[in-house]
Amino acid sequence: MFFLVKIRVDLGRIAEFGRRIANREFDNSCIRWIFCLRNDPTVGYSIWETEDEAEFERKLGPYRPYYKELEISPVVLPNEAVEMIMKRLRSAATQ
Numbered sequence: 000m001f002f003l004v005k006i007r008v009d010l011g012r013i014a015e016f017g018r019r020i021a022n023r024e025f026d027n028s029c030i031r032w033i034f035c036l037r038n039d040p041t042v043g044y045s046i047w048e049t050e051d052e053a054e055f056e057r058k059l060g061p062y063r064p065y066y067k068e069l070e071i072s073p074v075v076l077p078n079e080a081v082e083m084i085m086k087r088l089r090s091a092a093t094q
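Heads up, the sequence shown stops at 94 in numbering that gives the first Met the number 0, and the numbers go up one at a time, no gaps.
In short, the hints are calculated from the structure, not lab data.
Just so you know, these numbers come straight off a predicted model, no measurement behind them.
Beta carbons are placed, not taken as given, at the ideal position from N, Cα and C, and that holds for glycine.
Hints are supplied without guarantee of correctness; some may be wrong.
[Claimed, not checked] Here are the computed distance ranges between Cβ atoms for each label pair:
| id | residue 1 | residue 2 | range |
| --- | --- | --- | --- |
| 1 | Met85 | Gly60 | 34 to 42 Å |
| 2 | Phe1 | Lys67 | 19 to 27 Å |
| 3 | Lys86 | Lys5 | 24 to 32 Å |
| 4 | Asp51 | Asn27 | 13 to 21 Å |
| 5 | Thr93 | Glu70 | 15 to 23 Å |
| 6 | Gln94 | Asp9 | 43 to 51 Å |
| 7 | Ile84 | Arg7 | 28 to 36 Å |
| 8 | Gln94 | Leu10 | 46 to 54 Å |
Construct the entire structure; sequences and hints are all you get.
What follows is the structure in structure tokens.
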């Protein structure tokens, strides 16, 4: 499963968060991409890949205290999106 995660870092905890990242205290093995907004680098977007939602929640857990805001959206790859769209179109055509 893939998840698009949007966060806003808690600036009150940024020093501790940065130290823990530098010391490699977090398991980031499932994070595929990370980007921050140029005009607001406290906002970040990342793509996470896990076997299931339970694994995602376990891996995300240690990060949560350092996020002031958090939005999670399950996402799919383009080929899966096309399959989903085609299925909806076929279903709508038969109604």
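To see whether the hints hold, each was checked on the structure:
1. Met85 x Gly60: 34 to 42 Å: holds, 36 Å
2. Phe1 x Lys67: 19 to 27 Å: The hinted range 19 to 27 Å holds for phenylalanine 1 and lysine 67, with Cβ atoms some 24 Å apart.
3. Lys86 x Lys5: 24 to 32 Å: holds, 28 Å
4. Asp51 x Asn27: 13 to 21 Å: Holds - the Cβ-Cβ distance for aspartate 51 and asparagine 27, about 18 Å, lies within 13 to 21 Å.
5. Thr93 x Glu70: 15 to 23 Å: violated, 35 Å
6. Gln94 x Asp9: 43 to 51 Å: Holds: the Cβ-Cβ distance is about 48 Å, inside 43 to 51 Å.
7. Ile84 x Arg7: 28 to 36 Å: The hint (28 to 36 Å, Cβ to Cβ) holds, given that isoleucine 84 and arginine 7 are roughly 32 Å apart.
8. Gln94 x Leu10: 46 to 54 Å: holds, 51 Å
Comparing the model with each numbered hint stated earlier shows that hint 5 is the single one that does not hold.
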